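Take the sequence shown: its position 227, counted from the start at 1, is 256 in my numbering, and no numbers get skipped.
It cannot be assumed that every hint is accurate.
Unchecked claim - Derived DEER-like restraints, expressed as beta-carbon distance ranges: (1) Tyr444 x Gln228: 39 to 47 Å; (2) Glu167 x Arg67: 23 to 31 Å; (3) Lys367 x Thr160: 43 to 51 Å; (4) Pro397 x Leu513: 40 to 48 Å; (5) Asp427 x Ser85: 47 to 55 Å; (6) Ala424 x Glu54: 29 to 37 Å; (7) Trp479 x Asp260: 40 to 48 Å; (8) Lys70 x Gln218: 40 to 48 Å.
It should be emphasised that the hints constitute simulated quantities derived from the structure, not laboratory data.
Nothing here was measured: the structure is a model prediction, and the numbers come from that model.
C-beta atoms are modelled at their ideal positions from N, C-alpha and C, and glycine is treated no differently.
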Amino acid sequence: MAYDDLRSLLRALEREGDLTRIKAEVDPYLEVGEIVDRVQKAGGPALLFENVKGSSMPLAMNVYGTDRRLLKALGLTAYEEISGKIGGLLKPELPHGFVGVREAFGKLANMTHVPPKKVKGEAPVQEVVLTGDDVDLEKLPALFTWPKDGGSFFNLGLTHTKHPETGVRNLGLYRLQRHDKRTIGMHWQIHKDSRNHYQVAAKRGEKLPVAIAFGCPPAVTYASTAPLPGDIDEYLFAGFLQGKRIEMVDCKTVPLQVPAHAEVVIEGWLEPGEMLPEGPFGDHTGFYTPQEPFPALKIDCVTMRKRPLLQSIVVGRPPTEDGPLGRATERFFLPLLKIIVPDIVDYHLPESGGFHNCAIVSIDKKYPKHAQKVMHAIWGAHMMSLTKLIVVVDADCDVHDLHEVSWRALGNTDYARDLTVVEGPVDHLDHASYQQFWGGKAGIDATKKWPEEGYTRDGGWPDMVESDPRTAALVDRRWKEYGL
Numbered sequence: 030m031a032y033d034d035l036r037s038l039l040r041a042l043e044r045e046g047d048l049t050r051i052k053a054e055v056d057p058y059l060e061v062g063e064i065v066d067r068v069q070k071a072g073g074p075a076l077l078f079e080n081v082k083g084s085s086m087p088l089a090m091n092v093y094g095t096d097r098r099l100l101k102a103l104g105l106t107a108y109e110e111i112s113g114k115i116g117g118l119l120k121p122e123l124p125h126g127f128v129g130v131r132e133a134f135g136k137l138a139n140m141t142h143v144p145p146k147k148v149k150g151e152a153p154v155q156e157v158v159l160t161g162d163d164v165d166l167e168k169l170p171a172l173f174t175w176p177k178d179g180g181s182f183f184n185l186g187l188t189h190t191k192h193p194e195t196g197v198r199n200l201g202l203y204r205l206q207r208h209d210k211r212t213i214g215m216h217w218q219i220h221k222d223s224r225n226h227y228q229v230a231a232k233r234g235e236k237l238p239v240a241i242a243f244g245c246p247p248a249v250t251y252a253s254t255a256p257l258p259g260d261i262d263e264y265l266f267a268g269f270l271q272g273k274r275i276e277m278v279d280c281k282t283v284p285l286q287v288p289a290h291a292e293v294v295i296e297g298w299l300e301p302g303e304m305l306p307e308g309p310f311g312d313h314t315g316f317y318t319p320q321e322p323f324p325a326l327k328i329d330c331v332t333m334r335k336r337p338l339l340q341s342i343v344v345g346r347p348p349t350e351d352g353p354l355g356r357a358t359e360r361f362f363l364p365l366l367k368i369i370v371p372d373i374v375d376y377h378l379p380e381s382g383g384f385h386n387c388a389i390v391s392i393d394k395k396y397p398k399h400a401q402k403v404m405h406a407i408w409g410a411h412m413m414s415l416t417k418l419i420v421v422v423d424a425d426c427d428v429h430d431l432h433e434v435s436w437r438a439l440g441n442t443d444y445a446r447d448l449t450v451v452e453g454p455v456d457h458l459d460h461a462s463y464q465q466f467w468g469g470k471a472g473i474d475a476t477k478k479w480p481e482e483g484y485t486r487d488g489g490w491p492d493m494v495e496s497d498p499r500t501a502a503l504v505d506r507r508w509k510e511y512g513l
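Modelling step: build the complete structure from the supplied sequences, incorporating the hints.
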């Protein structure tokens with residue numbers, strides 16, 4: 030099973046020598062970010078900063094910075110374990126499209142060990158309750174990570190909202206700029222469910238309740254990043270990952286629930302139309318996103334444990350702590366992507382492409398222009414619609430071997446015929462598009478070409494150069510004789 034809370038995970042990591050306590054005073058202005066960026070790029074341990082300048086609260090960083098630690102946090106030995114369980118939700122039916130995805134996850138609600146449950150009495154996260162003038166966000170260690178950032182940010186606060194009309198809950202992960210002691214900037218991009226909740230409330234002339242939880246159980250933290258359909262409760266998925274129900278508690282000042290075993294929770298209301306400039310911010314693209322107006326959340330209440338700690342991450346040019354989280358998503362959701370696009374054999378979202386910028390897809394090609402059909406299906410598949418480059422290869426190509434993929438993409442293509450260029454929605458953070466929110470995309474057909482596709486050269490498509498199997502086996506047997 031996954032760990033019930035952040036603290037138990039940190040204790041386990043320390044026992045295994047995979048957590049380093051830093052007792053020296055460190056400055057959240059640039060210094061912490063520089064330390065963490067170096068450690069995570071070197072594949073180093075989780076970090077616990079015990080003496081953060083300006084705060085009495087320890088700061089946990091790089092907790093999910095390696096695949097080993099994220100797998101451990103989720104109680105797994107391989108990401109494919111969850112892929113198999115998700116695949117099991119799809120049987121015995123053979124669902125199709127987005128309806129099939131929703132039906133599959135709808136089964137979670139009928140599993141008694143999965144739905145969240147409300148705890149009785151006080152929860153650990155409400156051992157300390159601060160309201161009104163006692164609220165001071167400047168006592169929480171927010172990070173000023175990159176020199177041109179527009180301020181200090183909380184980068185791992187899990188944001189809870191609910192649809193004003195349907196009451197459907199949403200859990201999301203967004204960066205949060207600390208404007209002052211009681212104000213947080215909500216960076217809600219146009220494709221996000223929480224932004225839709227805010228817009229619906231604003232149209233109704235109502236304020237929107239918001240709760241932001243820090244230091245949550247690992248399964249909850251991961252679920253906040255998962256690309257689930259908008260009407261699927263992330264806490265159902267978190268319970269599915271954790272192997273048991275997530276314990277929840279009612280907030281003190283807003284009509285929402287948060288994890289009972291979180292470390293810190295901030296609660297507030299968003300007034301319609303109240304905006305403040307947010308950013309710039311050194312983002313996971315490796316570039317600064319510009320300053321833009323975003324909703325400003327006034328905080329009325331902070332609850333926490335008696336000796337709380339805060340968890341955050343550093344984002345920037347890959348590789349970063351985003352890497353393991355993105356790889357988990359890639360593996361977990363392969364069965365669901367196959368529902369929407371059943372032609373897919375496997376896929377890979379390279380971290381160097383920020384995961385959503387590039388998708389490498391293998392197919393068992395069955396007819397002319399099959400690759401182009403798959404490209405367009407992916408561009409119509411939920412958040413995969415933001416993919417800027419799709420490379421389609423044959424099933425015998427390992428999509429995770431970028432050398433092999435590059436060899437196919439560079440050598441198997443005639444770009445006058447095999448390159449597909451379209452326009453469509455792109456990520457809010459995409460700096461390369463000539464206008465915001467939409468831009469150009471490309472698909473490369475790197476599969477073996479058929480005569481029906483216009484490949485008419487004498488002799489047909491050539492055979493790949495490969496070793497003779499019998500000679501290869503002979504050399505294997507005699508390898509030690511060669512002295513190599």
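Check your understanding: Is it true that the C-beta distance of Tyr444 to Gln228 lies inside 39 to 47 Å, as the hint says?
Key -> holds (41 Å)
Check your understanding: Between Ala424 and Glu54, does the beta-carbon spacing fit 29 to 37 Å?
Key -> At 55 Å between Cβs, range violated.
Check your understanding: Is the distance from the Cβ of Pro397 to the Cβ of Leu513 consistent with 40 to 48 Å?
Key -> holds (46 Å)
Review point. Falls inside 47 to 55 Å, the C-beta gap from Asp427 to Ser85?
Key: holds (50 Å)
Check your understanding: That 40 to 48 Å hint for Lys70 and Gln218 (C-beta), does it hold up?
Key -> Hint violated: Cβ distance 26 Å, outside 40 to 48 Å.
Exercise for review: Check the following: the C-beta atoms of Glu167 and Arg67 are separated by a distance inside 23 to 31 Å.
Suggested key: The hint (23 to 31 Å, Cβ to Cβ) holds, given that Glu167 and Arg67 are roughly 27 Å apart.
Point to revise | Pairwise beta carbon distance, Trp479 to Asp260, judged against the given window 40 to 48 Å | key: Holds, at about 41 Å.
Review point. CB of Lys367 to CB of Thr160, is that within 43 to 51 Å?
Key: holds (49 Å)
The earlier numbered hints that this structure contradicts are 6, 8.
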